[in-house]
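Each chain is listed here by its residues.
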Amino acid sequence: MKIVVCIKQVPDTAEVRINPETNTLVRDGVASIINPYDMHALEAGLQMREAAGAGTVTALTMGPPQAENALREAVSMGIDEGVLLTDRAFAGSDTWATAYTLAKAIEHIGADIIICGKQAIDGDTAQVGPEIAEFLQIPHVAYVRKIDSLKDGSIIVQRLMDDGYDIVESSLPVLLTVVRELNVPRMPSLKGKMAAKKAVIRQMKASDLKADVNSLGLQGSPTQVRNIFAPEAKKDRKMLEGSSEEKVDQLLKELAGLKCL
Amino acid sequence: MDYFLNEEQLMIRDLARQIAEEKIVPVRAELDETGEFAWDVMKTLAQSDLFGLFIPEEYGGLGKGCLELSIAVEELSRACLGISTSFAANALGTYPILLFGTDEQKKKFLPDIASGKKLVAFGLTEANAGSDAGGTQTTAKLDGSEYVINGTKQWITNGGVADIYTIIAITDRSKGPRGASAFVVEKGTPGFSFGKKENKMGIRASATTELVFDNCRIPKENIIGKEGMGFVVAMKTLDNSRTGVGSQGVGVAQGAFEEAVKFARQRVQFGHPIITFQAIQHMLADMGTSIEAARALVYAVARFIDSGAKDVSKESAMSKLFATDVAMKVTTDAVQILGGSGYMKEYPVEKMMRDAKILQIYEGTNQIQRNVIGQALIKEAARNK
Ligand SMILES: Cc1cc2nc3c(=O)[nH]c(=O)nc-3n(C[C@H](O)[C@H](O)[C@H](O)COP(=O)(O)OP(=O)(O)OC[C@H]3O[C@@H](n4cnc5c(N)ncnc54)[C@H](O)[C@@H]3O)c2cc1C
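The listed protein sequences derive, respectively, from chains C and W.
Under our numbering, think of the first position of the first sequence as 28, with each following residue one higher.
Under our numbering, think of the first position of the second sequence as 3, with each following residue one higher.
Don't take each hint at face value.
[Unchecked claim] Examples of chain C residues toward chain W, derived with CB under 10 Å:
id : residue
1  : Ser-103
2  : Arg-213
3  : Met-214
4  : Pro-215
5  : Ser-216
6  : Leu-217
7  : Lys-218
8  : Gly-219
9  : Lys-220
10 : Lys-224
11 : Val-227
[Claimed, not checked] Okay, derived cross-link-like pairs now, SDA-like style, lysine to any residue, Cα gap no bigger than 25 Å in a straight line:
id : chain 1 : residue 1 : chain 2 : residue 2
12 : W       : Lys-264   : C       : Ala-41
13 : W       : Lys-119   : C       : Ala-81
14 : W       : Lys-119   : C       : Val-53
15 : C       : Lys-218   : W       : Arg-15
16 : W       : Lys-222   : W       : Ala-48
17 : C       : Lys-218   : W       : Glu-200
18 : W       : Lys-45    : W       : Glu-200
19 : C       : Lys-218   : W       : Trp-41
20 : W       : Lys-45    : C       : Ala-81
21 : W       : Lys-110   : W       : Ala-48
22 : C       : Lys-224   : W       : Glu-60
Since the hints were made in silico from the structure, they are not lab data.
Note that CB positions come from ideal geometry on N, CA and C, so glycine has one too.
Take the sequences, apply the hints, and build the full model.
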C-alpha cells in the first residue's frame, strides 16, 4: 500500500504578530512548523502502514527549499521518504495551482491513499485536499475523525459534521483530509531523528512533472490577492456589567430600546 | 553553560525535553495525587527509543553511554522525578545483565528492554539489608537444573510494573560477602509475587513494592555472572547508575530553580517584584551556581565512566552525593522564594521538594556515599605513601 501525506510548512502562529501598518503577517524570526493538522495526517499514514504491516508513507510538500526541514521532521516520525516540490515556476500558487501541482506529483509518485490535514493554519481555506482529489479524479472524504476499517481495496471512515458524523465507505485510491480528533501525533524517535539528519530528500521541479506550465504558479492561479486587511472593528458596542441577572435585565431593556423585542 | 555536547547528545536532550514538556508536565500533578503509574509516558519514551539509549546496537539499542543517559534523565527529572525514577530504575535493573550477563542472556533480555516493551527492576534491599547489603536474607539454592529462591525484597522501584527483575540472593551463607549471587527472575514465574504498593512522601508516580519469593524456581541459566559474585555485580551496577541519580538531582534542581526565577519576577511586594530584592537575588545566585557545579561534576563523571575507567566508585559516589544535596537545598529554597504559594499544590515546587528527598536516600544514602568516598581516599593515601 502506498500512502502519500501532503504536508505544509507554516509559521508557528502561536508566535505570529500582525504588522499594524501593512496589516500583513510578520514572519521574520518566527519559527516554522509542520501545519498542525498535517501532523495528524502523518500519524494516520504511519498507523495505516503499521496496521497493514507493509507499505510506504511518503510525505510530499511544495514550498521553498527550506521546506525540506518539514520533511526531515516527518522522517524523524518514521515516514519512508520525503519529496520536496520546489521551483520558481511554482511561486505564487493559489489553492488551485497548488492542488494541480501536488496532483501531478502524486500521479508521478503513485498512491493508494492520500492524506491531508483538513486545512493549513496560515491560509485556512481547506480547499487544497479536495481539489487534489478532483484533479486526480478520485473520491475524497474530508474531515475524517476516525478510520473504521481499511481492507480489500476499500476504506470506511467517519466524517465529522456539525451535528454528528457520517460513516462513509470509499474505494481506493482515495483522498482523506483529517481533523484533530483522529489521533495523537507521535513524538519523533531518536533513531528517526538520526535518520532524518542523513535522509536524502528527493527534489522535484516543474520539468519533472507532466504538467501544463500555464497551470503552475502565479500564472496558473485564478485567485489574485488584491489586498489583505484586518476588518475594522465596529465601534458602536456596549459592554454590560453587573451580575448575570442585572445583565439580563439591562440586555432586555437595550433590545427593547432597539425595537428588537 | 555550554558543555560542548555533540549533535546526537543535543538531539537526545531536545527530544527528552520535548517529551517532558508536552507529555509529562501536563500530568505530573495528577500522578502525584493519585500515585498512578505513568504508562502513557512510558509508551512515549519507548516509541522515542529512549529506553535503548545505553544498550549496545547489537541488542537493539543506540549504543550510547552514561553521559547520554544522564542527559535524558536530567531532562525528565526537570519535569517529574517520579517518572524519571521509573525510567532510571530501568537502567539500574539492566546494568547487571549488561555488565555481567552472558551473550545468551543479553540476546534474550536486552532487545525487549531497549524497545521499552519490558521494564526492569533491581532488587537488593530487604527489611534487614538497607545500607548494609550484608544483611541479605533471601536465599537461592541450586536444586538440579533450577535455583529455588525464598525471601522478600522491599521498596523495589518498578516492582509489579516491570517484567524483568535482577535480584541478589545468598547462595552460600558460609562464604559471607562472597556467598551472594545475582539472578534474573521474570514476572509470572510461579512462586514470585508482589507486596502492596507503598504510599510514599514523593516520587509518587513511581511504583515501589515488595518482591516476594516463595519457593520460586528459576532455570539455573538465570544466574548473572558466577555464584558468589552477587555483591560485585551489585556494587558495579551502583557505580554505573549513581551518576544517573546525580542527574536526577541536577534536573529537579533546575526545574525548581526555573519556577523560582519565574515567580520572583512576577510577585510584587513592597511595590517591587521580589527578584529586585538582594536577599532573593542572592538565593537565586547560589542556586544557579550550585546547579551548574553539580551538572559539571555529573557530566565529568559520566564522561569518565564512558572512557572505560576501571574503578569509578569514588567519582560516581561524589557525583551522586553532591548533586543530590544540591537538589535538596535548591528545591527547599525554591519553596522559600515562592513563600506561601510554594507550599501550595497549585505550584510544582512543593512536589519537587518532596520528590528531591529520595535522592539522598536511595541507591545508597548520602552517608554511605561519604563512606565510599572516605574509604577510597584512605586507599589512595595508602597507595601514595
Ligand atoms: C522510594 C524508594 C525506592 C527504592 N528503590 C529501590 C530499588 O529499586 N532497589 C533496591 O534494592 N532498593 C531500593 N530502595 C532502598 C534504598 O536503597 C534503601 O532505602 C537505602 O539504601 C537505605 O537503606 P535503609 O532505608 O534500610 O536505611 P538504613 O540503612 O537503615 O539507614 C538509616 C540511617 O542510618 C544511616 N546509616 C546506616 N549505616 C550507616 C553507616 N555505616 N554510616 C553512617 N550512616 C549510616 C543511613 O545513612 C540512614 O540515615 C528504595 C528505597 C526507597 C525509599
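Hints, one by one, checked against the model:
1. Annotation: interface hint on Ser-103 of chain C holds; nearest CB of chain W at approximately 9 Å, less than 10 Å.
2. Because the smallest distance between the Cβ of Arg-213 of chain C and any Cβ of chain W comes to about 6 Å, under 10 Å, the interface hint for this residue holds.
3. The restraint placing Met-214 of chain C at the interface with chain W holds, with a minimum CB-CB distance near 5 Å, inside the 10 Å limit.
4. The interface hint given for Pro-215 of chain C is met, as the beta carbon of that residue sits about 6 Å from the closest beta carbon of chain W, less than 10 Å.
5. Interface hint at Ser-216 of chain C: satisfied, since its Cβ lies 5 Å from the closest Cβ of chain W, which is below the 10 Å cut-off.
6. Here the hint on Leu-217 of chain C is kept, as its CB sits about 4 Å from the closest CB of chain W, short of 10 Å.
7. Because the closest C-beta pair between Lys-218 of chain C and chain W is about 5 Å apart, less than 10 Å, the hint holds.
8. Hint status for Gly-219 of chain C: holds, given a least beta-carbon distance of 8 Å to chain W, under 10 Å.
9. Checking Lys-220 of chain C against chain W by beta carbon gives a least distance of about 5 Å; that is within 10 Å, so the hint holds.
10. Interface hint status for Lys-224 of chain C: upheld, as the beta-carbon distance to the closest one in chain W is roughly 8 Å, under 10 Å.
11. With a least beta-carbon distance of about 18 Å to chain W, the hint placing Val-227 of chain C at the interface is violated under the 10 Å criterion.
12. For the hint linking Lys-264 of chain W to Ala-41 of chain C, the alpha-carbon distance of about 21 Å falls within 25 Å, and the restraint holds.
13. For a cut-off of 25 Å, the pair hint linking Lys-119 of chain W to Ala-81 of chain C stands: about 21 Å separates their Cα positions.
14. Proximity of Lys-119 of chain W to Val-53 of chain C is assessed by CA-CA distance (about 46 Å); at most 25 Å being required, the pair is judged violated.
15. Between the alpha carbons of Lys-218 of chain C and Arg-15 of chain W the distance comes to roughly 14 Å, so the proposed pair stays at or under 25 Å and holds.
16. For the hint pairing Lys-222 of chain W with Ala-48 of chain W, the CA-to-CA distance comes to about 30 Å; that exceeds 25 Å, so the pair is violated.
17. The suggested pairing of Lys-218 of chain C with Glu-200 of chain W is violated, with an alpha-carbon distance near 36 Å, which exceeds 25 Å.
18. Pair hint Lys-45 of chain W plus Glu-200 of chain W holds up; C-alpha atoms about 23 Å apart against a cutoff of 25 Å.
19. Of the pairs offered as hints, the one joining Lys-218 of chain C and Trp-41 of chain W holds, with about 22 Å between alpha carbons and a cut-off of 25 Å not exceeded.
20. Of the supplied pair hints, the one linking Lys-45 of chain W and Ala-81 of chain C holds, its CA atoms being roughly 22 Å apart against a limit of 25 Å.
21. For the hint pairing Lys-110 of chain W with Ala-48 of chain W, the CA-to-CA distance comes to about 18 Å; that is within 25 Å, so the pair holds.
22. Under the criterion of a C-alpha separation no larger than 25 Å, the hint pairing Lys-224 of chain C with Glu-60 of chain W is consistent with the structure, at around 22 Å.
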